[in-house]
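Asker: Taken in sequence, the protein lines are chains A and B.
Going by my numbering, the residue at position 21 of the first sequence is 21; the numbering climbs one at a time, nothing skipped.
Going by my numbering, the residue at position 498 of the second sequence is 1498; the numbering climbs one at a time, nothing skipped.
Treat the hints as calculated values from the structure; they're not laboratory data.
One or more hints might be untrue.
[Claimed, not checked] Some chain B residues near chain A, calculated using beta-carbon distances under 10 angstroms:
| # | residue |
| --- | --- |
| 1 | ARG1115 |
| 2 | ALA1221 |
| 3 | LEU1235 |
| 4 | ASN1243 |
| 5 | ALA1274 |
| 6 | LEU1290 |
| 7 | ALA1507 |
[Said to hold, decoys possible] Sample of chain B residues with no beta-carbon within 10 angstroms of chain A, all distances over it, derived:
| # | residue |
| --- | --- |
| 8 | TYR1230 |
| 9 | LYS1403 |
| 10 | LEU1465 |
In this text, all values refer to a predicted model and were calculated from it rather than measured experimentally.
For every residue, glycine included, the Cβ atom is placed at its ideal position computed from N, Cα and C.
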Amino acid sequence: MTGDDRENQTAATRAASAHAASARSTSTDAALRRMRAVARTRWRLAGALTAAMIVVYFGFLGLVAWAPQRLATRVTEGLSLGVLLGALVIVAAWLLTWVYVRWANLVYDPMVAEQRAALVNANNAEQTAALASERKPGEQR
Amino acid sequence: MIAIQMPAATSSIGQPNAVAIAFFALFIAATLGITWWAARRTRTTDDFYAAGRTVTAGQNGLALAGDYMSAASFLGIAGLVATSGFDGLLYSTGWLVGWPVVLFLVAEPLRNLGRYTFADVVAARLNPRPVRIAAAVGTLATITFYLIAQMVGAGGLIRLLLGVPYELAVVGVGFAMMAYVLFGGMLATTWVQIVKAVLLLGGAAMLALLVLAQFSFSPLALFAAAAERYGDGVLAPGKLVQNPLDALSLGLALMFGTAGLPHILMRFYTVPDARAARRSVFFATGLIGLFYLLTFVLGFGAMVLVGPEAIRAVDAGGNMAAPLLAELLGGRPFLGFIAAVAFATILAVVAGLALSGAAAISHDVWASVVRRGEPRPGEELLVARIATVCLALIAMALGVVFKGQNVAFMVGLAFAIAASGNFPALLLAVFWPRTSTTGAAASMVVGTVTTLALISASPAIQVDLLQHDSAWFPLRNPAIVSMPVSFAVGMLVSLWRPDPDGAARFAALERRTLLGAE
Chain A
1 MTGDDRENQT AATRAASAHA ASARSTSTDA ALRRMRAVAR TRWRLAGALT AAMIVVYFGF
61 LGLVAWAPQR LATRVTEGLS LGVLLGALVI VAAWLLTWVY VRWANLVYDP MVAEQRAALV
121 NANNAEQTAA LASERKPGEQ R
Chain B
1001 MIAIQMPAAT SSIGQPNAVA IAFFALFIAA TLGITWWAAR RTRTTDDFYA AGRTVTAGQN
1061 GLALAGDYMS AASFLGIAGL VATSGFDGLL YSTGWLVGWP VVLFLVAEPL RNLGRYTFAD
1121 VVAARLNPRP VRIAAAVGTL ATITFYLIAQ MVGAGGLIRL LLGVPYELAV VGVGFAMMAY
1181 VLFGGMLATT WVQIVKAVLL LGGAAMLALL VLAQFSFSPL ALFAAAAERY GDGVLAPGKL
1241 VQNPLDALSL GLALMFGTAG LPHILMRFYT VPDARAARRS VFFATGLIGL FYLLTFVLGF
1301 GAMVLVGPEA IRAVDAGGNM AAPLLAELLG GRPFLGFIAA VAFATILAVV AGLALSGAAA
1361 ISHDVWASVV RRGEPRPGEE LLVARIATVC LALIAMALGV VFKGQNVAFM VGLAFAIAAS
1421 GNFPALLLAV FWPRTSTTGA AASMVVGTVT TLALISASPA IQVDLLQHDS AWFPLRNPAI
1481 VSMPVSFAVG MLVSLWRPDP DGAARFAALE RRTLLGAE
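Here chain A stands alone, though its shape is the one from the complex (with noise of 0.2 angstroms):
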């Protein structure tokens, strides 16, 4: 974390509260890296869900680009394949939303709430560490 050393370095008691800084970056660190890990846990969910959409709409289009004579076919009286396939592209656009939407409803927004209080508890552990340190700074040496 560029943006911690850097603070870290600032710092005018930078010596003095070295134990201290290497508390506050270990909790905050770990607290950064299970965030981290949530963001790419959604973004690899969101990744596989778009390119699941992009193939059903892309594998319609391309039906329909180079093998109309197929899209022709009948799969009962009144509905071709194609019609077929049209509404089903648009059922499946529901289906992806309603996947993603139940996947954060459930295991995301928990997530999130896990880390925001994780955080919290960093900041109010980094704090505890950085008074005593202002408090006894001959002992943390």
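Take the given structure of chain A and dock chain B to it, following the hints.
Answerer: The following block gives chain B in isolation, referenced to the frame of chain A:
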């Protein structure tokens, strides 16, 4: 799609219709009432741009649907299906698949990182001034094409439906939109969208039920009747897709353009948090998908019951398919209702566009660039209102100048600009740690300029408009070239000109993306 001709005498379309005028008057009165109510609640910039962030997820879902379902979708797709069958359905699907992308990639980061415009998000971790100027270019280019399309559509449709002269219709729409945005801000605009979405979905559902009632409530019986009368070809791909690359390019613009439309992105700031933003896209996707499924029934219903020849006789572009169907099944009163719904549809879309254009000028350019983020009290709001008046006047003028242009084509171009100018920079800014200020600004400017250049070199301009023999760029929609170019430029320039403290800023941004503004 919307190329208007004089109506034939067989239908009452084009003659003043008492019911239509009554519904128009009722809609205008109701929306102006909403505007008056909203005006008393619109004091701060937060109120004006974001309705005080008090809109619920359900309301915003309806408003997103209202912002998105334009007259081009309602009248245009129904007409395209009625006259060419399956090919029209390509638009139905294409205009929906952008919504999951909005949900997965931009809705939540947008809500957590920005305040009023999508440029807020791109500027969140970069140097704001160059990025905001570039974003304003992309926003205004998108908005202008979209506004022209809607104004041209409005003038033509109102003339056809009501018998009002084209220019008068354009000016009327311009003034109504100015009133909503000027006095009621985002709150009035949101409620106009909601009223319109309910009217449009209700009207389309009623019409679809009346159609299905003729076929013992079986869509398959309807499709079978269409195939029996007009040949099996109407249920399979036809002439519309002649050039596969062109189809893929249009598909790309439709899919990723939605995630770059400034007036849609702006709606995510009206809800209280990211969770509500997410739920509102879920509702919007459901409603818009339902609407596009209804267009299957409306289109084939008009084909079988009214007939393609009768529809083309009234309007060569086929845009009057849904109104003709309404007249056939519900008489002149129902035609009046559907006409009023089409009018409401245009007004609402135009109001949303004007508001986002005004925000780009007042928030991105004036407050953030000219005043360096510290506008005088009340000044930003004043500039936003002046910008609204200017945009409305420009839209009216362009609406008159571009009379007779093809509406769906221009909307497709607006999507291409959004997909190439706005979307790549937005995605890179929230997703890629190495994105730099110069890179994001370059991506937006090059994306927008490339799109505009390729449009002017395309057959639509060179052959159709300027009557040249050939065009050096073969595709009608440039997204398949301009979008990758925009991504490549954004990434290469970012690597070439990195921001000095880019990594730290991205870490802070990641934290805000996750936890929201603190």
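Asker: Could you tell me which of the hints above the structure violates, numbers in ascending order?
Answerer: Failing hint: just 1.
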